[in-house]
Amino acid sequence: MRAIENGAAETTAWFDPFTRWMLIIMFAILMAIFAAAKYMNMHSMQGGGTDDTVNAMASQAAKVKAHPFVNLPGDAQVGAFSVANFFAGMIVGHNWKRLFEREKVD
Amino acid sequence: MHIEDGILPPRAWGFWYGVAMLFIIPGIREIKRRVRENLSYKPFLAMVGVGVFVISAMHLPVPVTGSCSHPCGTPLAAIIVGPFATAVISLIVLFFQAIFLGHGGITTIGANDFSMGIVGGISGYLCWRLMRCFDSPLWLAGGIAGFVGDVMTYLTSSFELALSLHGHIPLLKQWMIFFAGYGPTQLPLAVAEAVFTAAVLQVMYNRRPDLLPGITGKKSGKIGKIQIREHEYESN
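Protein sequence lines, in the order shown, are assigned to chains W and A. The first sequence begins at 1 in the numbering used here and counts up by one. The second sequence begins at 1 in the numbering used here and counts up by one.
Don't read these hints as lab results, they were simulated from the structure. A quick note: this is a predicted structure, and the numbers were derived from the prediction, not measured. Please note that a few of the clues may not be correct.
[As the list claims (entries may be wrong)] List time: in silico DSBU-like cross-link candidates among lysine-lysine, alpha-carbon distance up to 30 Å: (1) W:Lys97 / A:Lys42; (2) W:Lys63 / A:Lys173; (3) A:Lys32 / A:Lys42; (4) W:Lys97 / A:Lys32; (5) A:Lys173 / W:Lys65.
Please build the complete structure, drawing on both the sequences and the hints.
See the structure below:
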């Protein structure tokens with residue numbers, strides 16, 4: 001971003017260094033997830049959560065059925081996670097800027 | 001480590017609520033004290049709280065075991081905002097995860113907070129302090145804290161289940177049976193948590209070492225010198 005005297009920007013870069021690094025890290029993590037998922041698909045692995053596995057083991061040991069407070073069916077879980085993570089990202093980003101943005105050099 | 005409602009008997013989850021409260025009350029005091037001492041503490045707390053919420057709901061696949069699990073984020077939180085304050089933010093995180101995402105349970109918040117927010121946070125914090133006493137590099141101390149905090153969280157969660165449900169099976173055996181459900185998937189994720197904790201601490205230190213008073217072993221100076229850059233946004 002090139003600043004002019006009154007503080008307004010004249011041009012804006014598509015990928016500033018911070019965005020570029022964030023995208024690189026995000027794609028690296030996503031590639032690792034996709035590679036792991038591919039491997040698991042090839043070997044017919046379920047990919048269930050360990051929380052669910054251990055809760056099922058515990059239910060069996062206690063001879064009771066676990067009953068989560070809410071149970072989000074199907075894509076509702078993806079929706080809830082997306083909403084939660086979107087706003088989480090906004091809050092983290094807001095506070096990150098307040099705390100860690102480099103000082104402007106005049 | 002998100003134990004669901006209905007698994008632990010009322011006596012057990014009541015007990016874990018009681019134990020968690022022993023850390024929550026000093027945690028609230030710690031937050032009040034540090035807010036007065038450090039202007040940057042509130043934004044830190046908000047950022048770290050949300051970070052723990054996201055990290056502890058982020059299920060990552062582990063191809064070796066064919067299952068998914070999540071890191072905790074509490075070792076990092078304990079280093080940055082303090083171990084007792086981490087117990088408080090974990091309690092809030094677990095409450096929201098239970099009511100909005102169906103992760104964990106309401107009755108088991110005390111037990112889940114004890115494993116993730118208290119044992120995970122404090123064990124990571126103690127490792128960090130110990131390593132820093134020996135002048136260990138920031139990244140190494142952070143990495144070991146992340147790894148130990150993560151593993152300790154799941155060991156504690158398994159113990160909580162085993163303590164209530166072992167029946168005629170020896171406690172240790174039942175504990176290891178439950179941990180075997182977590183362990184193989186969790187160990188690679190503990191390594192990931194170590195890398196994450198080390199990287200975040202190093203980035204924070206590189207950018208604003210003055211914002212980590214007493215954490216890196218260097219004094220931050222006076223409170224007035226700690227600048228939150230909110231005024232820059234207001235003026236732009």
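Hint-by-hint comparison with the structure:
Between W:Lys97 and A:Lys42 the CA atoms are separated by roughly 14 Å; this keeps the pair inside 30 Å, and the hint holds. Straight-line distance between C-alpha atoms of W:Lys63 and A:Lys173 comes to about 18 Å, which keeps the hinted pair within the 30 Å bound. Among the hinted pairs, A:Lys32 with A:Lys42 is consistent with the structure: their alpha-carbon atoms are about 10 Å apart, no more than 30 Å. Of the supplied pair hints, the one linking W:Lys97 and A:Lys32 holds, its CA atoms being roughly 23 Å apart against a limit of 30 Å.
Note on A:Lys173 and W:Lys65: the hinted pairing holds, with a Cα-Cα distance of about 23 Å set against a maximum of 30 Å.
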